[in-house]
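One point on numbering: in UniProt numbering, the residue at position 348 of the sequence shown is 348, and numbering is uninterrupted.
Quick caveat, the hints were computed from the structure, so don't treat them as lab data. Hints are supplied without guarantee of correctness; some may be wrong.
[Claimed, not checked] With beta-carbon atoms standing in for the labels, derived distance ranges:
| # | residue 1 | residue 2 | range |
| --- | --- | --- | --- |
| 1 | L181 | D29 | 48 to 58 angstroms |
| 2 | G333 | N308 | 14 to 24 angstroms |
| 3 | S321 | K354 | 12 to 22 angstroms |
| 4 | P265 | M198 | 35 to 45 angstroms |
| 5 | T217 | N308 | 16 to 26 angstroms |
| 6 | M198 | W219 | 19 to 29 angstroms |
| 7 | P265 | T174 | 38 to 48 angstroms |
Remember, predicted model here, so these are calculated numbers, not experimental data. All residues carry an ideal CB built from backbone N, CA and C; glycine is no exception.
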Amino acid sequence: MKLMAIAVPGQVMPGSSGNEVVAKLGGYDAIARAHKGEELLSLNLSVNPDRGHLIASRDENGKPCALLVTVKHWSNGRTTTEIIGAAASMFRFNRPADFIHISHHPVVTGLELCKNPIDAYYAMAPPYFTKIPAVANIFKEGMSSAPQIERAEKEQENQMINQVVQFEDAYVPTGPLHSSLGATPDETLMVALDELFMKRPVWLRSSLDEHLPQTFTSWKKKIAFSRTCYIFSDGPWRGCMCRLGYDPRSDPSSRMYQIIDYRDPYYRTISWKTEKQGNTKSGQEPETVAYGVDSTFKSIISTVRNFNPEVHFLIPPSRQSQLYQLCDIFDAGIQKIINETVETGQVMPRTCSKTTGWYSQATLSKIRDMMNVKSLRMRQNRYITDLE
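Using the sequences and the hints given, assemble the complete structure.
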């Protein structure tokens, strides 16, 4: 036996077998054809709880339940429950407001011919469709399947998402999305973000979090971010949060804010896999020792609210691929290359490239080589510390 569940925007008369519902849906043949389609099906009929078939809308964990059960009440007060089966597919109407109620009683001078209209039990409304183009789904909470609930939660979450820009786009956003104006942002957080983005128009999220109080939740940050910045999805500022209205592609001074996708050669060796397996068996994580910095960078560290050495390449990368902003790398040699206006043997590119930004490939390769050497030294220092 193959069951399907259909969420019907109406009620079944007490004691009814539900045949009127089947008729409203087009009969058993139409329902059988629905099994062969790709649509999700659901059977959540609102029936008399004293008799008939019941389907729980949610289980104890809040997940949708599609188990069909028969409940019988005996004359001696005993109640028995029999499980009929599980629904193989689910279906619900996305626009329940398309169904309007048509009473079986005629209406005369505005009054229904019924002794007590308030207590009258109405049959399920026939499927007369309205011309409403889009309405709120009032049955979403009670009659949604798990994938539908997840999609709804994701849609609600994405209402506060930042605008995303690709490198090929002609323009960058100058203001927030209209959908992000509904929620009220934290004023203190907005002031802090405005100051940070005026000081520096491009940030990686990890770098920005260093300068924000840890008391702000991710949701508060998401609301504030949606009003202050947008995100590049690719190019030399991939993953960076940029101040609304600021276009780094037209500003050569933004070269220092470019990211480098660093892939540590260490993760291409066998030793790191062996070390990882050994640490997993022992239940211990390898100790990470921060690399020493000179006095110039120490003065900067003292001004950072939540200093994270990984952001500044002061500890070896913890992932096979890790993004760093060039301006955040605390290395005197690398910073010297980054801030040079004229490269060795050639003038800096006059146009911004999607691959290398405002730098040449030779310069970025040189920076990557220097990072390889520094990463190796930091790992060697860690091993020496472990031996001591």
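Tested hints:
The hint said 48 to 58 angstroms for the Cβ distance between L181 and D29, and at roughly 49 angstroms that hint holds. Between G333 and N308 the beta carbons are some 22 angstroms apart, a value that agrees with the proposed interval 14 to 24 angstroms. A C-beta distance of roughly 18 angstroms is found between S321 and K354, which places it inside the suggested range of 12 to 22 angstroms. Distance hint check for P265 and M198: the Cβ-Cβ separation is about 38 angstroms, which falls inside the suggested range of 35 to 45 angstroms.
Checked against the hint of 16 to 26 angstroms, the pair T217 and N308 passes, with Cβ atoms roughly 19 angstroms apart. Roughly 24 angstroms separates the CB atoms of M198 and W219, a value that falls within the hinted 19 to 29 angstroms. In this structure the supplied range 38 to 48 angstroms holds for P265 paired with T174, their Cβ-Cβ distance being about 42 angstroms.
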